[in-house]
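Protein chains in written order, with the UniProt record's numbering: chain V, 1 to 116; chain E, 1 to 296.
Since the hints were made in silico from the structure, they are not lab data. Note that the coordinates shown come from a computational prediction; the quantities given were computed from them, not determined experimentally. Each hint should be verified, as a subset may be incorrect.
[Said to hold, decoys possible] Derived CB-CB ranges, DEER-like: (1) E:Glu22 <-> V:Arg39: 35 to 41 Å; (2) V:Phe93 <-> E:Arg120: 47 to 53 Å; (3) V:Met1 <-> E:Val110: 50 to 56 Å; (4) V:Ser87 <-> E:Ala117: 39 to 45 Å; (5) E:Arg233 <-> V:Thr16: 57 to 63 Å; (6) V:Met1 <-> E:Gly57: 48 to 54 Å; (7) V:Ala35 <-> E:Val110: 47 to 53 Å.
[To be verified] Which bits of chain V does chain E cover? Going by a derived footprint, with three or more residues having C-beta under 8 Å, they are: (8) 24 to 33; (9) 90 to 98.
Even for Gly, the Cβ is constructed at its ideal location relative to N, Cα and C.
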Amino acid sequence: MILDEARVQDMTRNNTKLIASISQLFLNELPDMIANIERAYNQNDCSALANAVHRLKSALGNFASKSYYDEFSQLESLALNASTEGSSLAEWFAAWTVAKLKLEQMVNELKSMAGI
Amino acid sequence: MDVLIVDDDAITRFALSAAVEEWGFVPVLAENADQALKTLATETTPHLLIIDWSMPGMSGPDLCKTIRKREDGQFFYILMLTGKEGNEAIIEAMEAGADDFLSKPFDHRVLKVRIAAGSRIVRLEQTLNQLASRDALTQCWNRRMIDELFANSIAESTRKRSKFSVMVLDIDHFKRVNDTFGHSGGDAALKHVVNILNTNLREYDQVGRYGGEEFVILLPATDRNEAWGVAERIRSAIQFQPTILNDDLKIELTVSIGIAEFDRSRDANQSAFFERADKALYTAKQTGRNRIICSE
Chain V
1 MILDEARVQD MTRNNTKLIA SISQLFLNEL PDMIANIERA YNQNDCSALA NAVHRLKSAL
61 GNFASKSYYD EFSQLESLAL NASTEGSSLA EWFAAWTVAK LKLEQMVNEL KSMAGI
Chain E
1 MDVLIVDDDA ITRFALSAAV EEWGFVPVLA ENADQALKTL ATETTPHLLI IDWSMPGMSG
61 PDLCKTIRKR EDGQFFYILM LTGKEGNEAI IEAMEAGADD FLSKPFDHRV LKVRIAAGSR
121 IVRLEQTLNQ LASRDALTQC WNRRMIDELF ANSIAESTRK RSKFSVMVLD IDHFKRVNDT
181 FGHSGGDAAL KHVVNILNTN LREYDQVGRY GGEEFVILLP ATDRNEAWGV AERIRSAIQF
241 QPTILNDDLK IELTVSIGIA EFDRSRDANQ SAFFERADKA LYTAKQTGRN RIICSE
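Based on the provided sequences and hints, a complete structural model is requested.
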């Protein structure tokens with residue numbers, strides 16, 4: 001389970017309307033957030049990549065399990081390291097590929113929980 | 001109590017907003033530091049702040065530093081939210097001026113108790129501020145505060161080139177009131193006078209107790225003629241509305257008032273300006289009391 005249901009329930013006091021609203025807001029913003037990450041990667045702009053990953057990480061902080069959130073912290077660190085040390089983004093891309101698959105899983109879990 | 005939430009992430013803003021509202025606070029939202037600073041510049045600024053660390057433009061720690069540089073003496077309780085972990089991040093946030101620190105992803109129950117603790121500190125600070133700036137008996141401004149407001153009003157009048165008048169009011173024969181009705185009667189009379197002042201002044205006028213039975217009233221955007229009208233309303237209200245102690249006992253009062261309008265060309269400083277109003281009051285006393293004298 002990538003989604004932290006208890007966190008979402010706690011945050012919304014298990015208010016179903018609020019769960020639906022906040023989930024929908026996340027789902028609406030998600031394509032843009034992913035596009036920003038992939039654009040920055042394709043342009044090899046490590047600083048923009050770190051910012052874009054950070055933005056998605058912040059949003060995930062409201063829904064995701066701690067271990068999945070930590071994966072995004074790691075993605076952000078890899079992008080920042082590449083930015084400051086000029087290292088390759090190969091390791092970052094491998095980690096992103098895994099994280100993105102889990103993101104799809106979390107989206108499905110969220111849709112199911114929110115009934116949308 | 002208002003809570004300012006500063007976070008560039010719309011989802012976090014939404015979640016925090018819903019949460020703090022549920023906990024009995026009023027959320028005020030800002031997407032970035034610039035928006036936050038605009039909100040903090042208003043008269044109804046929130047004093048309890050939740051600030052995200054990483055934001056486009058000015059970061060959370062830099063926003064904290066900017067807030068702490070304010071010179072107006074206002075207190076803000078700042079809770080910093082961040083994805084960073086570890087002691088270094090805590091030290092950096094606290095050194096920037098944050099009062100508390102919470103790592104993301106955070107447990108909302110923890111945020112709830114931290115916000116509650118912050119709100120207690122804000123209330124305590126507001127109480128202390130109230131005690132330090134208000135006259136304990138009448139609840140109008142005390143001398144320290146009215147002096148400060150007086151200086152601000154002069155600065156504002158100079159900056160905007162606007163009219164500004166000051167009124168110095170003294171209760172006539174107040175010693176006689178205390179001797180006749182005791183100090184509790186004198187206290188009731190002082191409170192009654194301040195009630196009348198508050199009723200007859202505009203929202204932006206300021207009243208301060210300067211000494212025992214002497215009050216200073218600041219009248220922004222007011223020339224000497226308008227100030228005279230206000231003073232006459234007050235003088236007659238005090239004369240015709242005695243302090244009622246009980247069904248059988250009332251205290252008849254009159255007041256003398258000195259007025260001066262700020263004149264940049266002749267008032268070199270605050271004390272020179274005040275002295276003109278005070279001299280006018282002295283003249284009012286010398287010429288029979290229960291009257292208003294305006295400084296020429």
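Tested hints:
The hinted window of 35 to 41 Å between E:Glu22 and V:Arg39 holds, with their beta carbons roughly 37 Å apart. Take V:Phe93 and E:Arg120: their Cβ atoms lie about 48 Å apart, and the range 47 to 53 Å holds. Our hint of 50 to 56 Å for V:Met1 and E:Val110 is violated, since their Cβ atoms are close to 22 Å apart. Checked against the hint of 39 to 45 Å, the C-beta distance between V:Ser87 and E:Ala117 comes to roughly 43 Å, which is consistent with it.
Range check, E:Arg233 to V:Thr16: about 59 Å between beta-carbon atoms, so the 57 to 63 Å window is met. Roughly 36 Å separates the CB atoms of V:Met1 and E:Gly57, a value that falls outside the hinted 48 to 54 Å. Look at V:Ala35 against E:Val110: about 33 Å separates their beta carbons, and that is not inside 47 to 53 Å. For a cut-off of 8 Å, the count of residues in the region 24 to 33 of chain V with a CB near a CB of chain E stands at 3, and the three-residue condition holds.
Coverage of the region 90 to 98 of chain V by chain E is violated. Counting CB-CB distances below 8 Å, 0 residues qualify, and the rule asks for three or more.
Hint compliance for this structure: hints 3, 6, 7 and 9 are not met, and every other hint is.
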